[in-house]
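Novice: Sequence:
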Amino acid sequence: MGLGKYVMGWSGIEIQAMAMVDVTTGAVDVCQISNCPAWIDRVLPDDATDTYVDWYGLYKDAGWWNLGKVNTLMGADDKAVPIYNGEHVAWQYIMTSRNMKDNSGVGLILYDARERVGTYYTFNSPFPVGGQVRSTFENNKTLKQSSTTVDQMILVNIFGENTWVATMVTPAANGTQYQYTAFARANKTTVSDDVQFDKDPKIALRNYEMWLATHRDTSEADPTQESVTVILEGYVASVGTTTVQGNTYHVFTMNDMDAKPVTYTDDNGAEQTRYFVGLYSPTQTIELPLTASGHHVLVTYLDTNLSAEVQIQAFEDLDVPPQ
3 MGLGKYVMGW SGIEIQAMAM VDVTTGAVDV CQISNCPAWI DRVLPDDATD TYVDWYGLYK
63 DAGWWNLGKV NTLMGADDKA VPIYNGEHVA WQYIMTSRNM KDNSGVGLIL YDARERVGTY
123 YTFNSPFPVG GQVRSTFENN KTLKQSSTTV DQMILVNIFG ENTWVATMVT PAANGTQYQY
183 TAFARANKTT VSDDVQFDKD PKIALRNYEM WLATHRDTSE ADPTQESVTV ILEGYVASVG
243 TTTVQGNTYH VFTMNDMDAK PVTYTDDNGA EQTRYFVGLY SPTQTIELPL TASGHHVLVT
303 YLDTNLSAEV QIQAFEDLDV PPQ
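Numbered by the working numbering, the letters in the sequence shown go through residues 3 to 325 in order.
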């Protein structure tokens, strides 16, 4: 637990030390912040950083010489969210202006709860935050029919896009029950029908990746991130299936017509195996369940140049006799 004192009156707690209690013996050990063990991943509770962020919003653009600029920023209407960076916890605050007619995010603060340092990042362009985003998720037709609500929502950067990731839940006897992981681009033009989701977070992420491939803003498109429809002929190297939420997915790797493995170049320039993922469809992938290693196949897929996995749009197994 944190040990601190108030900086001004009854506000602004400054954490100065940590008390560690052995739950088996009751022994208490106190360490100064600078000498705490590495396994303590946070020394600042969110209620303390709430105050620090409020103060930052009050005085970011103001000083004794410029009091007319006081109180320009505030946190959006969502509580701080813990973000793990692999070492410590950082509290994420989405910041908006104090203009009550404006509910757009203008930046975010990441407050490292171990180092006690906050960093403010500005967004390239404003976009809806808080309750507006929650409504976008909850008003999706399918999610609304299942009566799901947003339990927690964080802002991350995925595939070069600012993205809202939400955990969707329904009421349960004791608390809430997880239902879906949902993704939505943080953009002023995003609507409820754009939300991509699934019970399996990996499938939800793949759905979002494929959606982005056809919904990028071409005025700001990165040529290295453009999607291309590819028709590939080759041979199945290995194949398997997996069932997720009642859906059977066929996953396989390929060799091209020169017997070379089909690969993907990652962000570090390393060659990685390309995985083809397909869901059975009687109109586009009817032969998919019949394919086997060594079969001569023709695959159509959308290459987003974003990950090693690609989703099949059409599939033809040339070694399966025509019906």
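Derived by calculation from the structure, the hints in this document are not laboratory data.
You may find that some hints are simply not true.
Below, computed lysine-lysine pairings styled on DSSO-like, alpha-carbon distance capped at 27 Å [unchecked claim]: (1) Lys-204 x Lys-143; (2) Lys-262 x Lys-201; (3) Lys-201 x Lys-146; (4) Lys-262 x Lys-190; (5) Lys-204 x Lys-190; (6) Lys-143 x Lys-201; (7) Lys-146 x Lys-190.
Novice: Run every hint past the structure and note whether it holds.
Specialist: Structure-based check of each hint:
1. With a CA separation close to 21 Å, the supplied pair Lys-204 and Lys-143 stays within the 27 Å bound.
2. Taken as a hint, the Lys-262 and Lys-201 pair is broken in the structure, with Cα atoms around 36 Å apart against an allowance of 27 Å.
3. Proposed proximity of Lys-201 and Lys-146 is supported: the alpha carbons are some 15 Å apart, at most 27 Å.
4. Under the criterion of a C-alpha separation no larger than 27 Å, the hint pairing Lys-262 with Lys-190 is inconsistent with the structure, at around 44 Å.
5. For the given pair, Lys-204 sits about 26 Å from Lys-190 by alpha-carbon distance, which is consistent with the 27 Å threshold.
6. The straight-line distance between the Cα atoms of Lys-143 and Lys-201 is roughly 16 Å, inside the 27 Å bound, and the hint therefore holds.
7. For a cut-off of 27 Å, the pair hint linking Lys-146 to Lys-190 stands: about 21 Å separates their Cα positions.
Of the numbered hints listed earlier, those contradicted by the structure are 2, 4.
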